[in-house]
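Q: Sequence:
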Amino acid sequence: MHFRLRALYTLGGYAAAVCLCVICAMIALQVVGRLLDKLLTAIDAESLNLVIPGLSEISGFLLVGASFLGLAYTFVHGGHIRVTLVTGQLPPKVRAFVELWCLSIALGLCGYLAWYTGVLMLDSIEFNEVSYGMVPVPLWIPQSAMLLGILLLTLALLEAWISTALVAFTRPGEFRIDDASPNE
Numbered sequence: 005m006h007f008r009l010r011a012l013y014t015l016g017g018y019a020a021a022v023c024l025c026v027i028c029a030m031i032a033l034q035v036v037g038r039l040l041d042k043l044l045t046a047i048d049a050e051s052l053n054l055v056i057p058g059l060s061e062i063s064g065f066l067l068v069g070a071s072f073l074g075l076a077y078t079f080v081h082g083g084h085i086r087v088t089l090v091t092g093q094l095p096p097k098v099r100a101f102v103e104l105w106c107l108s109i110a111l112g113l114c115g116y117l118a119w120y121t122g123v124l125m126l127d128s129i130e131f132n133e134v135s136y137g138m139v140p141v142p143l144w145i146p147q148s149a150m151l152l153g154i155l156l157l158t159l160a161l162l163e164a165w166i167s168t169a170l171v172a173f174t175r176p177g178e179f180r181i182d183d184a185s186p187n188e
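Just remember that the working numbering sits 4 ahead of the position in the sequence shown, which is counted from 1.
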C-alpha cells in the first residue's frame, strides 16, 4: 500500500525516537550523578547532590509522547499486530470488504479518541492544569503530543481506508493480502 504522507508519519517516528533518546539521556545523567556523588562521598569529599528533579514524571510524559507519536509510523511500516489468519482464507471479494470494515472501525475509534483528547487538552489549557510532581508541568504539553500522535494515526488509517475502498469498490476480485498490508 502506498502512503502519500509517509514522510509525515516518518517525522512522527523520529519525534518518538527523540523522546526515547531524551529519556535515556536523562536517566544516564541521573545515574552518573549518583555514581559521582558516591565516589565523592567515598573519598571524604563533599557530595554535589546531582539530582534531576521530577525525572520519573518527565520520563513518563516523554514515554507518552514516544508511544503516541510512533503509532502512525508503526502502522505504515506494518508493525501493528494484524490477525490475517482468518481474513487470509476469505475470497478476495469478501476480504476487501472485511478489511474495509476493520479499517472503518479503527478509523472511527481513532477519530473519537482524537476528538476527546483535543477536548481534554483544551480543558487543561483553559483551567491551567499542571502535574502534581516536583516540577509542575502544564498538562497540555504531554496531551498535545498525545493528540498529535493520534491525529497522525487517524490520517494514516484514512489513507489506508481510501486505498482499500478504491480496490473494494472498483476491482474487489483483485484484492490481495498485500493490498491490505501497510508495507510497501
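Please keep in mind that the hints were generated in silico from the structure rather than gathered at the bench. Warning: the hint list may mix true and false statements.
[Stated by the list, open to error] Derived Cβ-Cβ restraints for the label pairs, each shown as a range:
1) E130 <-> L15: 49 to 59 Å
2) L117 <-> R8: 21 to 31 Å
3) L162 <-> V134: 46 to 56 Å
4) V134 <-> S51: 28 to 38 Å
5) H6 <-> R38: 23 to 33 Å
6) A49 <-> E130: 28 to 38 Å
In this text, a Cβ means the ideal position worked out from N, Cα and C, and glycines have one as well.
Q: Each hint: holds or not?
A: Taking the hints in turn, this is what the structure says about them:
1. With their beta carbons about 29 Å apart, E130 and L15 fall outside the hinted range of 49 to 59 Å.
2. For L117 and R8, the hinted distance range of 21 to 31 Å is satisfied, since their beta carbons lie about 23 Å from each other.
3. Against the hinted window of 46 to 56 Å, the Cβ-Cβ separation of L162 and V134 comes to about 34 Å, which falls outside the hint.
4. Distance hint check for V134 and S51: the Cβ-Cβ separation is about 30 Å, which falls inside the suggested range of 28 to 38 Å.
5. At roughly 49 Å, the beta carbons of H6 and R38 sit outside the given window of 23 to 33 Å.
6. Between A49 and E130 the C-beta distance comes to about 50 Å, which lies outside the given range of 28 to 38 Å.
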